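In order, the protein sequence lines correspond to chains A and B. Note that the working numbering numbers the first sequence so that position 201 is 201, with each residue one more than the last. Each number in the working numbering comes from the position in the second sequence (counting from 1) with 355 added on.
Check before you lean on any hint, since a few could be wrong.
Said to hold, decoys possible - Per label pair, the in silico range of CB-to-CB distance:
1) A:S193 / B:E572: 46 to 56 Å
2) A:P45 / B:S439: 38 to 48 Å
3) A:E3 / B:D533: 16 to 26 Å
4) A:K194 / B:E571: 37 to 47 Å
5) B:G504 / A:G201: 26 to 36 Å
6) B:E491 / A:R272: 26 to 36 Å
7) B:Q577 / A:Q181: 26 to 36 Å
Stated by the list, open to error - Stretch-level coverage of chain B by chain A, calculated; a stretch enters the list once three of its residues show a Cβ under 8 Å from a Cβ in chain A:
8) 393-403
9) 513-525
10) 561-574
Said to hold, decoys possible - Computed list of chain A residues with no C-beta within reach of chain B, every gap over 12 Å:
11) E3
12) K234
13) G335
The set of hints was computed from the structure by calculation and includes no laboratory data. Keep in mind the model is a prediction, meaning the values are calculated, not measured. All C-beta atoms in this analysis are idealised placements derived from N, C-alpha and C, irrespective of residue type, glycine included.
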Amino acid sequence: MAEKTLMKGNEALAEAAIRAGCKCFFGYPITPQTEISAYLSKRMPKVGGVFLQAESEVAAINMVYGCAGSGIRCMTSSSSPGISLKTEGISYIAGADLPCVIINVQRGGPGLGGIQPSQADYWQVTHALGHGDFHALVFAPASVQEMVNTVTKAFDLADQFRMPAVILADGLLGQMMEPVQFEECEIKMSDASKKPWAACGHKNERKHNIINSLYLKPEQLEDTIKERFERYEKVKANHTEAVCDYCEDAEIVVVAYGSTARLAKSAVDAARKEGIKAGIVRPVTLWPFPVNELNEACRNAKKVLTVEMSMGQMVDDVKLALNCSKPVEFLGRTGGVIPKPAEILAKIKEMGGND
Amino acid sequence: MEYKKINIITGHYGSGKTNICVNMALELAERGEQVTVVDLDIVNPYFRTADFEKLFSQHDVRLIAPMYANSNLDIPALNFDMTSIASSDGYIIIDVGGDDEGAKALGRYLPVFEKHDSQLLCVVNKYRYLTKEADEATELLADIERACGLRCAGIINNSNLGSDTDKTVIEHSFEYADEICRKTGLSLVATAGKAEFLENAPMPFPIKIFVRKIWEEFEQEQA
Chain A
1 MAEKTLMKGN
11 EALAEAAIRA
21 GCKCFFGYPI
31 TPQTEISAYL
41 SKRMPKVGGV
51 FLQAESEVAA
61 INMVYGCAGS
71 GIRCMTSSSS
81 PGISLKTEGI
91 SYIAGADLPC
101 VIINVQRGGP
111 GLGGIQPSQA
121 DYWQVTHALG
131 HGDFHALVFA
141 PASVQEMVNT
151 VTKAFDLADQ
161 FRMPAVILAD
171 GLLGQMMEPV
181 QFEECEIKMS
191 DASKKPWAAC
201 GHKNERKHNI
211 INSLYLKPEQ
221 LEDTIKERFE
231 RYEKVKANHT
241 EAVCDYCEDA
251 EIVVVAYGST
261 ARLAKSAVDA
271 ARKEGIKAGI
281 VRPVTLWPFP
291 VNELNEACRN
301 AKKVLTVEMS
311 MGQMVDDVKL
321 ALNCSKPVEF
331 LGRTGGVIPK
341 PAEILAKIKE
351 MGGND
Chain B
356 MEYKKINIIT
366 GHYGSGKTNI
376 CVNMALELAE
386 RGEQVTVVDL
396 DIVNPYFRTA
406 DFEKLFSQHD
416 VRLIAPMYAN
426 SNLDIPALNF
436 DMTSIASSDG
446 YIIIDVGGDD
456 EGAKALGRYL
466 PVFEKHDSQL
476 LCVVNKYRYL
486 TKEADEATEL
496 LADIERACGL
506 RCAGIINNSN
516 LGSDTDKTVI
526 EHSFEYADEI
536 CRKTGLSLVA
546 TAGKAEFLEN
556 APMPFPIKIF
566 VRKIWEEFEQ
576 EQA
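Bound-form chain B, shown alone (with noise of 0.2 Å):
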């Protein structure tokens, strides 16, 4: 994957953004890069990036979450100030809550976003209910660059089935991406998957699971 100062996750509701923001944000600490991720989800009461303040906190990743973010005060407030966290050294990875409900929330940073190198990244999910069909998916990204002010730099193909993805799940999800590639004039940034299944995919990321249910994570310790 090709980082830029800012990077911002963007997508479709489902589509995995939290996992692929994960990942991208332990790829760059394993290379020894310093790396914020903010958490930037107005959408999600639960499942979401600050869920994985332990896990940053190993790999020395700042994590900024919205003050109230998995507490039980529903309220969508951004308290954070996002001209000083990107003037700081090191790499900015931005989770961003799904579909342009989500999106909304990137306006007001926009001045910031103009004035750093920053890439916005689509993920796409073929297996979604709503984004099944590479139309569905481009008419979203185009709600998505009208709710935020910015235009997409590239897609993240993360056609995924939960625990039932395998490799043929992810292959049958290439002519999709690429539709969706065709359609926007945008290229394929990443294909993201567990490493075993992407032998024949284009532009690979491999990741690991980090978005898992308790039971998962607790069959996975018994193992």
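Only chain A is shown next, with the shape it has when bound in the complex (with noise of 0.2 Å):
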């Protein structure tokens, strides 16, 4: 067993990404997620990799489109109003089919909003992460261990599906100190080498490699894309992700992602302590949305309560996912502003004693 250590959030995010074979890393400053870059700074040197504060966000995104498009493993990280500066290199990234992963510590917005913990850029991340016709993975930890195992699973994610995979966490994760572990983890497709697209070298061996996203035939792009999406159908059959606690006999069914979802935990459990038959699903993937996970839970659910730091996002998905046949109703706190457990519990008694 590897011996435990005190880590804030952004501190692991880092320490994990050198460990799952990350070897380059572009980013610009933006709180709450300075300590990666800060991190990374310091440690990337020591492991022989490269750390690079571009002069922009738009500039690191496209640092790292131009690396991941080499086949090393790189990765870029930012807050809110940098995630939509990197949005236009995000969509190339994606319509060259290219992996890396991105990490977004959310603070509020919109424009600079501010620097207090949000999850408003759930629509973003889960539908709009640039123009076109594309999905990025999408992962939402919940304390600092399961950031530490979702980035190692994110880049192999990314690597198998060539697509970049974003992980969403929020300003009080990203703060946060809590112990961390860091087991051994094979590095799986981290050799660029292995990477038949990849654009580094052909030597005089085989056809160079061209990292591209414009098509001249309309056919031929609609064919890409097609291909693509059939990529994502795989992934969405097989990747999906979701922790249910008490959902078995649950009548009120909380959806809470990230460190909302901690908050919502401890409102639920001490709804069942007062007698309650209250559950909780927190999606792990945000993208694919974890629709029959949900369904499953909800099962004998007479209402649903979704829970976010936003004006409500999430509980579109959980709507679309539950296709009606449950109530859904929305609690969220916005601006920065974090819900209490008492206000989260407050909301279950009310949604229980209308039956």
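Put the two chains together into one complex; each comes in its own frame, and the hints tell you how they fit.
Right under this line is the structure:
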């Protein structure tokens, strides 16, 4: 068993990336995720990797585009306003079928918004992380340990399906400290020479690879997109994930992700102690959304409550997933305000009392 | 714990300085002393001493925090006059931001610290990632001293694993703290931890855990 250490969420994400075989990091500082850059600026040179503070977020994501094209595991990170700047580059990366990992430690928006925790980028990350027909893998860890485990998974699946993967955290997860363990992980597919598409030098042994997202004929572009969407179907079929607690007999099922799920879990625990049959579903993958897991968990539910640090974004996907088979209510705080477990508990009680 | 007029608490990022500062302030307040806590953290955007405004006011502890602490303006501006703070009655506890980056903020106040009876104390935690070895902690201590221009007067061993801390966790850090003291020639001024874990600790400093997650606070209230 590996030894435990105490780490900030942001530091843990950074260390986990190195252990997952990430060789290059390109970033630009922004609160509340700057510790990722600060940590990697110290550690990357010691492990023979590259840390580069770019002149802007746009530059950083385009460096990721180039680096990913050569088959090397690479990463960038930012917080909400910075991710908006990166979306053009992310679209190009998706259009060129390249793997990379992007971290968003969300803060309040829109605009400059604020530096306190938020989950108001759900729509952006799951539905519109740039122009065009594409998806990114989206993971929503809820603890510092889970962030560590997610980084490896994100790199592996990004490589396997040749698509960008996003780890969607928030200021609370990024700034808080928890004990973590780093288990030895097997690094899959990190070797560029084993990626047949990588532009890493043909050495006169094969045709040269081209990294591109421009197609001259519409039919050719359509075929490329259709092929990409066939890959997405495989991801949807095999890589959804959710953690469910007390759902077997739950009449009220709370759905929450990331740090909000920690708050909601405390409220659900308290509700159970008061004899209310409450349960909780925590989507771990936000794209693909865990549709089957949610339906299974809500089998006996009379009502569903979605809790978010936003005005209500994931709640749309919850309704779609349940196909209006259950009434879905919403509780949210926004602008950097964190919902209190007591508020969530009061809402659960109110919903339970309406029968 | 032995206090001077001005107590400057520095150390590695995430070593638990804020929780130590809150405990020191409350200990002094319970003794009936006048206490001022200065939040000098220019590194952390949130989770800082300024979070404890309510607790401090309940204990008549004066809190001085940067005007933008915990606001949405991410500006490390220090807008207070240390000379007048230091000339007021009672004890002063200064919570400094982590590492040498945070300690830089102390430099401009050197003349004030030199004029008054003051001490720089360094908090160490064996379980923090980049200071797990005594050598790393010692090196960082030298960086902090260089950055602020002050000599450290003692070591506070605050080794902890957050909510996973127990007696064994703390006891496994005694040798680490010893080694830091040997290497730096400094003395250990406190071993911090919950009272029930400090049975065998040298210089025990029993503390309460004030820096908690929102759900931990709620769970405690429920219990």
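For each hint, the structure was consulted:
1. At about 52 Å, the beta-carbon gap between S193 (chain A) and E572 (chain B) stays in the expected band of 46 to 56 Å.
2. With their beta carbons about 44 Å apart, P45 (chain A) and S439 (chain B) fall inside the hinted range of 38 to 48 Å.
3. Range check, E3 (chain A) to D533 (chain B): about 19 Å between beta-carbon atoms, so the 16 to 26 Å window is met.
4. Distance hint check for K194 (chain A) and E571 (chain B): the Cβ-Cβ separation is about 45 Å, which falls inside the suggested range of 37 to 47 Å.
5. Roughly 52 Å separates the CB atoms of G504 (chain B) and G201 (chain A), a value that falls outside the hinted 26 to 36 Å.
6. Distance hint check: the CB atoms of E491 (chain B) and R272 (chain A) are about 44 Å apart, inconsistent with the given range 26 to 36 Å.
7. Under the hint 26 to 36 Å, the C-beta atoms of Q577 (chain B) and Q181 (chain A), about 28 Å apart, fit the expected range.
8. Note: the region 393-403 of chain B has 4 residues with beta-carbon separation from chain A under 8 Å; the three-residue rule is met and the coverage holds.
9. With 5 residues bearing a CB less than 8 Å from a CB of chain A, the region 513-525 of chain B meets the requirement of three and the coverage assertion stands.
10. Beta-carbon proximity to chain A at under 8 Å applies to 5 residues in the region 561-574 of chain B; the threshold of 3 is reached and the given coverage holds.
11. The Cβ of E3 (chain A) sits about 8 Å from the closest Cβ of chain B, inside the 12 Å cut-off, so the non-interface label is violated.
12. For K234 (chain A), the shortest C-beta to C-beta distance to chain B comes to about 36 Å, beyond the 12 Å cut-off, and the non-interface label holds.
13. In this structure G335 (chain A) is not separated from chain B by more than 12 Å, as the shortest Cβ-Cβ distance comes to only about 9 Å.
Consistency with the previously given hints fails for numbers 5, 6, 11, 13, ordered from lowest to highest.
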